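Novice: Listed below, chain by chain, are the residues.
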Amino acid sequence: MSGSEDILETARAWRAEGERVALATVVETWGSSPRPAGSRLAVTGTGRLAGSVSGGCIEGAVADVAKQVMETGAPQLLDFGITDERAWEVGLACGGKLKVFVEPLT
Amino acid sequence: MTPETLETLQAARAARRPVALLTRLPDGAQRLHPDEALPPALAEAAEAALRDDRAGPVTAEGESWFIQPQTPPPRLIVVGAVHVAQALVPMAAAVGLAVTVVDPRRAFATEERFAGDVTLVDDWPDDALLALRPDLRTAIVTLTHDPKLDDPALDVALKSEAFYIGALGSRRTHAKRVARLTELGHGEEAISRIRAPVGLDIGAVTAPEIALSVIAQVVAARRGKLA
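Going down the list, the sequences are from chains A and B.
At position 2 of the first sequence the residue is numbered 2 (this note's numbering), and the sequence of numbers has no breaks.
At position 135 of the second sequence the residue is numbered 135 (this note's numbering), and the sequence of numbers has no breaks.
Please keep in mind that the hints were generated in silico from the structure rather than gathered at the bench.
Since we're looking at a predicted model, the values are computed, not measured.
Note that the Cβ used here is the ideal one computed from N, Cα and C, for glycine as well.
Hints should not be assumed to be uniformly reliable.
Some chain B residues well away from chain A (every beta-carbon gap over 12 Å; in silico) [stated by the list, open to error]:
id, residue
1, A15
2, R17
3, E36
4, P40
5, A87
6, T110
7, D123
8, R177
9, R195
10, P197
11, P208
12, S213
Keeping only pairs whose Cα atoms sit at most 25 Å apart, straight-line, the calculated SDA-like set for lysine to any residue is [to be verified]:
id, chain 1, residue 1, chain 2, residue 2
13, B, K176, B, D126
14, A, K67, B, R24
15, A, K97, B, V58
16, A, K97, A, R35
17, A, K97, B, D53
18, A, K67, B, D126
Excised from the complex, chain A in its bound form (with noise of 0.2 Å):
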């Protein structure tokens, strides 16, 4: 039963319809994370989102990294929850830490 929405199907759409397109993938997860890894989340340029990397909590930070990645075409790979100084830092909640890759669907 995982995947089972068709994230992948929607992104397809929404690049169909013209709009710019990044793809936002949970790639490893460490103690309480609410979301397993290869969940995904697509975002559009216009701010559409579908799926999910989290329970929410850093689905606003990983928006705004995809939409850099649409600019520059140039993936990204984040760490959430782990100490460091970089600017799309923010906290988990629930005390879980997770690496999510960002990807343009070109």
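Since the structure of chain A is provided, determine the placement of chain B on it from the hints.
Specialist: Frame of chain A, contents of chain B only:
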């Protein structure tokens, strides 16, 4: 992700073909297994990811990769295109089950009664189930309340590897059913695979409530939480 990779993934999903997407971190280069020739360590990891239906990171030849399996959705075969089945179909689709409804009675398995993501089959239940070949990723639930329809389906279900078998009916109805299935040659252990009365005990009364209890029980079975 390139348009070509996306198209291949979506075509595989439509064809119920398992495929693994491998993404190199952090540069995002992507490969598909088994479509492309990969170094043995990566191919093995991709094969394991498909087998376990589990995504995760792997390091091979000094490179970091993320492997995401895309396996065909598990199936739910519903025997009896009855009122509870109508409530069951959208809930099953919502939790990612591919649903087939079987009912040879002309007035039941109609497009008008079942809209959306469902396959309707009007064959006799045993023929239909044999053709559908239930496997480890298949759940089967009988809802007709009619031994003529439910029993042949359960006969085939018990000979399959289906991960869940449920049958609507009271304890009394089920006791009679057990006697009939025993006569067909099924042993006690095999028959005990049948969940009856069907569904988790949430005091369900209406058709949608019964459907909810059935779906909850199928999810519990799928996730290894069914006592």
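Novice: Indicate, hint by hint, whether the structure satisfies it.
Specialist: Hint check:
| no. | hint | result |
| --- | --- | --- |
| 1 | A15 | holds (14 Å) |
| 2 | R17 | holds (14 Å) |
| 3 | E36 | holds (18 Å) |
| 4 | P40 | holds (22 Å) |
| 5 | A87 | holds (18 Å) |
| 6 | T110 | holds (26 Å) |
| 7 | D123 | holds (27 Å) |
| 8 | R177 | holds (29 Å) |
| 9 | R195 | holds (18 Å) |
| 10 | P197 | holds (24 Å) |
| 11 | P208 | holds (20 Å) |
| 12 | S213 | holds (17 Å) |
| 13 | B:K176 to B:D126 | holds (20 Å) |
| 14 | A:K67 to B:R24 | holds (21 Å) |
| 15 | A:K97 to B:V58 | holds (18 Å) |
| 16 | A:K97 to A:R35 | holds (11 Å) |
| 17 | A:K97 to B:D53 | holds (22 Å) |
| 18 | A:K67 to B:D126 | violated (53 Å) |
Hint violations for this structure: number 18 only, all remaining hints satisfied.
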